[in-house]
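Asks: Residues per chain, in single letters:
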Amino acid sequence: MARAMKLLSIFLLAAASVYAQDGATHADWPSSGGTQLAWRYSSLDQINTTNVKNLAPAWIFQTGDYAENLQATPIVVDGVMYLITARDQVFALDAATGRIIWHYVYPPPRPGRPGSFSGLAQNRGVAVGDGKVFFGTNDAFLVALDQKTGRELWKVSVEDPMQCGCNIFAAPLVVKDKVIVGENGSDVAHHGHLSAFYMKTGRLAWRWDVIPGPGEKGHDTWKGDSWKFGGGAAWTTGSFDPQLNLVYWGTGNPSPDYYDAERVPGTSQGRDINLYTDCIVALDADTGELRWHYQELPGDIMDFDSAYEIVLIDREVQGRMRKILVHVNKSGITFVLDRVTGEFLGVFSTPEVQTWITGVTEGGEVVGRKYPEVGKTITLCPGTAGAKSWNQVAYSPRTGFVYMPINEICADITPNSQPPEEGGFAINAAVELKVPPGRTTYSHVDAWDPVTGKRLWSYPYKYLLLASVLATAGDLVFTGDPEGDFFALDARTGAKLWSFQTGAGNRGSAISYEVNGRQYIATPTGWQQSQVGAFASGLFPDQSWRQGSTLVVFALPEGSR
Amino acid sequence: MTRSLLLLVLCTLACPALAWSQNTQDVLKQGEQVFNLRCATGYCHGARGTPAGAPRLAARGFDQAFISDTVSHGVPGTAMSAFDKILPPAELMAVVAYVAGLNGIANPDLNVGQAPAQPAGPPLSPEAVRGRDLFSDSFRGFGRCSTCHEINGIGIPVATPIATVPADVQALRALATPQVTTAAFGGEMMPALVVRKGARPVVFYDLTIPPPVLTTVDSGAVDFSEGSAWRHSSVIRSYGDADLTSILAYLREVAKR
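Chains as they are written, first to last, in the numbering used here: chain A, 1 to 561; chain B, 1 to 257.
Rather than coming from a laboratory, the hints here were simulated on the basis of the structure. Hints are supplied without guarantee of correctness; some may be wrong.
List of simulated lysine-lysine pairs, BS3-like, C-alpha gap at most 30 Å [stated by the list, open to error]: (1) A:K217 x A:K228; (2) A:K376 x B:K29; (3) A:K200 x B:K197; (4) B:K85 x A:K370; (5) B:K197 x A:K155; (6) A:K370 x A:K223; (7) A:K53 x A:K228; (8) A:K454 x A:K370; (9) A:K370 x A:K462; (10) B:K29 x B:K85; (11) A:K223 x A:K176; (12) A:K434 x B:K29; (13) A:K228 x B:K197; (14) B:K197 x A:K148; (15) A:K200 x A:K155.
These numbers were taken from a predicted model, which means no experiment stands behind them.
Work the whole structure out from these sequences, hints included.
Replies: Here it is, written out as structure tokens:
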């Protein structure tokens with residue numbers, strides 16, 4: 001029987017490999033990454049390189065919730081847009097006009113632990129499925145609303161913010177009959193989880209602990225009791241391959257961030273240190289069981305999470321069609337893996353200024369790594385803000401390129417050995433952010449071929465780029481900047497074709513959708529006032545990037561299509 | 001004699017100032033250490049008051065009263081915590097003095113922030129401390145007490161505050177829970193803790209599996225019946241007798257405060 005099942009599995013895998021999966025969106029934008037494959041690519045081509053110059057606002061929606069900014073990815077299903085604000089107000093809007101269909105206001109959150117992220121109000125999006133709208137909250141609940149009315153249906157506590165110092169900023173991911181969410185908290189003394197709840201009832205389906213407990217495989221990669229507050233939070237949104245029935249998620253850095261003497265066992269060397277932090281993991285969608293892992297940066301001491309989005313694409317690699325995944329580490333080093341097995345396939349590095357290592361081998365090992373030492377100040381690039389933030393890349397199957405927003409930023413880091421206190425900050429360094437010397441531009445949108453590891457073009461920008469990228473079948477790449485310009489590049493050349501001043505900094509995730517035969521491009525606006533948005537503001541004090549919470553929606557004027 | 005007198009006068013004038021200055025320097029040094037440990041994380045402020053995830057603090061023209069108030073009480077709606085709940089008074093004063101120094105205040109008032117801490121009551125016994133840690137032991141996942149009970153702000157207040165502490169472990173395991181009823185909803189029966197009934201939508205916790213799910217349904221869509229197969233003992237299975245003894249010690253000592 002077991003042999004028959006194994007043969008069946010091999011057959012199914014072989015059959016699945018014949019058909020490349022379509023990760024493009026069509027009329028709807030149903031998931032945070034567009035589809036569960038996280039391409040952030042729309043198959044719509046009404047707006048294209050020829051007519052994009054005519055693109056103009058169709059409608060504008062001001063949420064009225066000006067805490068922080070508007071970071072969310074809007075979700076569009078059947079002509080209705082679902083949008084969430086920083087303080088967890090949810091709107092259902094007519095996606096053609098912006099008319100409010102319903103409006104839900106989450107009550108003031110329970111207080112969180114002092115000296116942690118708990119006071120921050122941020123939200124990066126909802127998920128929609130089973131007739132419900134799901135979102136995580138600033139006090140670490142997962143909530144389900146009725147998709148038609150906005151009425152609350154169920155609510156469940158994922159973590160206690162007063163204890164963990166954490167909250168949920170990421171959009172949940174709908175997978176089959178479940179909704180999966182992770183809380184943040186790699187920079188506080190906490191240990192991360194992924195939690196799956198049944199969409200119908202809100203009941204827990206499974207939970208995967210990022211840090212293995214006593215007796216579990218991988219526990220011996222931690223020194224003493226350090227695993228208890230080992231970080232590794234799965235704080236962004238993962239991906240799902242329905243053919244393989246595998247959920248892919250990235251995990252955060254080990255904690256304490258810049259001090260590893262109490263968490264790395266003396267015998268550790270090579271791979272698999274402080275599991276499963278800084279990993280890409282593949283979990284069985286039904287059970288949460290770990291199928292494989294790949295640790296991008298063993299023994300990380302640079303706060304270089306592996307938590308960002310994971311792009312699932314099917315491409316020919318060395319003459320063979322492979323199901324691969326592409327993942328940008330916070331350091332900017334980008335890994336390409338076989339997503340069936342976790343086999344390493346390739347690596348390339350995206351930042352132009354990189355002093356924390358001397359390079360990366362063809363096998364994916366970083367070499368010449370510099371280690372921050374307690375009490376000594378060291379300047380490293382990329383620094384604490386990373387070469388990339390949580391804003392997401394896009395992939396176009398027409399060009400085969402992955403479009404990446406990359407920043408050039410450094411930091412002076414002075415580590416300390418402060419013992420952790422549960423839920424409190426465990427960054428363990430005094431940090432001073434810097435820009436690298438001798439440059440006039442500090443970010444770029446790049447087009448990379450993930451198979452060859454070649455950069456095809458690069459569009460430089462003078463400050464930092466912290467908005468997600470959108471690619472479309474019109475061979476356009478859209479993103480926005482902190483000065484408020486939302487712009488379109490030619491997907492094949494990087495030439496700037498259009499821009500529009502939205503009135504506030506861009507830190508959200510643009511989407512494209514269609515209603516009644518008309519293609520729309522929607523982008524959230526409003527500059528982030530904390531964390532990496534504030535990092536950027538502080539580096540350029542002569543700039544005044546504006547807050548806000550406004551969705552700007554573009555279309556071609558009637559008659560110009 | 002004249003020379004000695006002059007030295008005496010000079011020393012009388014200068015020595016207190018020198019001592020004060022030395023004390024200020026020590027406090028500022030301590031303040032810098034506290035600032036680097038607690039504030040200059042990059043995600044919050046940057047070293048030396050440079051901007052990072054939170055605004056620049058150096059050379060902003062802040063006066064010491066503003067600094068003290070902000071550090072002590074935090075900034076609502078942001079990650080700036082009320083540090084009077086985190087830092088001992090001496091460290092609080094030191095970090096206020098350090099930030100004052102970053103704002104050009106050369107001689108900060110070293111009495112600011114030195115208000116005596118609120119009396120916290122008698123310290124917990126070692127067993128109660130163990131019980132407190134077990135009560136909210138996050139390594140038990142949703143099997144910990146704080147999944148349903150809140151004490152001193154820790155935990156999710158699903159259950160009403162604990163009014164009577166069970167006498168012993170046996171009583172804790174056998175705890176009667178008449179408030180848990182059986183809900184018939186969506187074609188299935190489930191243990192339920194009702195929060196609100198009546199004409200408006202009904203709100204109850206579905207206790208089928210931890211964590212409890214706060215469920216809202218139309219009043220006509222659910223029926224409740226007395227009693228349930230749900231048992232308190234089934235949700236505290238991760239704890240042994242010694243663990244529960246410590247937790248009870250914690251509950252008793254908290255109840256006395």
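Asks: Take the hints in turn and mark each one as holding or not.
Replies: So, going through the hints one by one against the coordinates:
1. A:K217 x A:K228: holds (15 Å)
2. A:K376 x B:K29: holds (17 Å)
3. A:K200 x B:K197: holds (22 Å)
4. B:K85 x A:K370: violated (37 Å)
5. B:K197 x A:K155: It holds: about 17 Å lies between the C-alpha atoms, which stays within 30 Å.
6. A:K370 x A:K223: holds (22 Å)
7. A:K53 x A:K228: Given that 30 Å is the threshold and the Cα spacing comes to 55 Å, the pair is violated.
8. A:K454 x A:K370: holds (26 Å)
9. A:K370 x A:K462: Roughly 28 Å separates the two Cα atoms, so the pair holds.
10. B:K29 x B:K85: Roughly 22 Å separates the two Cα atoms, so the pair holds.
11. A:K223 x A:K176: Roughly 38 Å between the alpha carbons, so the hint for A:K223 and A:K176 is violated.
12. A:K434 x B:K29: Between A:K434 and B:K29 the Cα gap is close to 24 Å, so the pair holds against 30 Å.
13. A:K228 x B:K197: violated (41 Å)
14. B:K197 x A:K148: The given pair, whose Cα atoms are some 23 Å apart, holds under the 30 Å limit.
15. A:K200 x A:K155: Holds - the C-alpha atoms of A:K155 and A:K200 are around 12 Å apart, at most 30 Å.
Of the numbered hints stated above, those contradicted by the structure are hints 4, 7, 11, 13, listed in ascending order.
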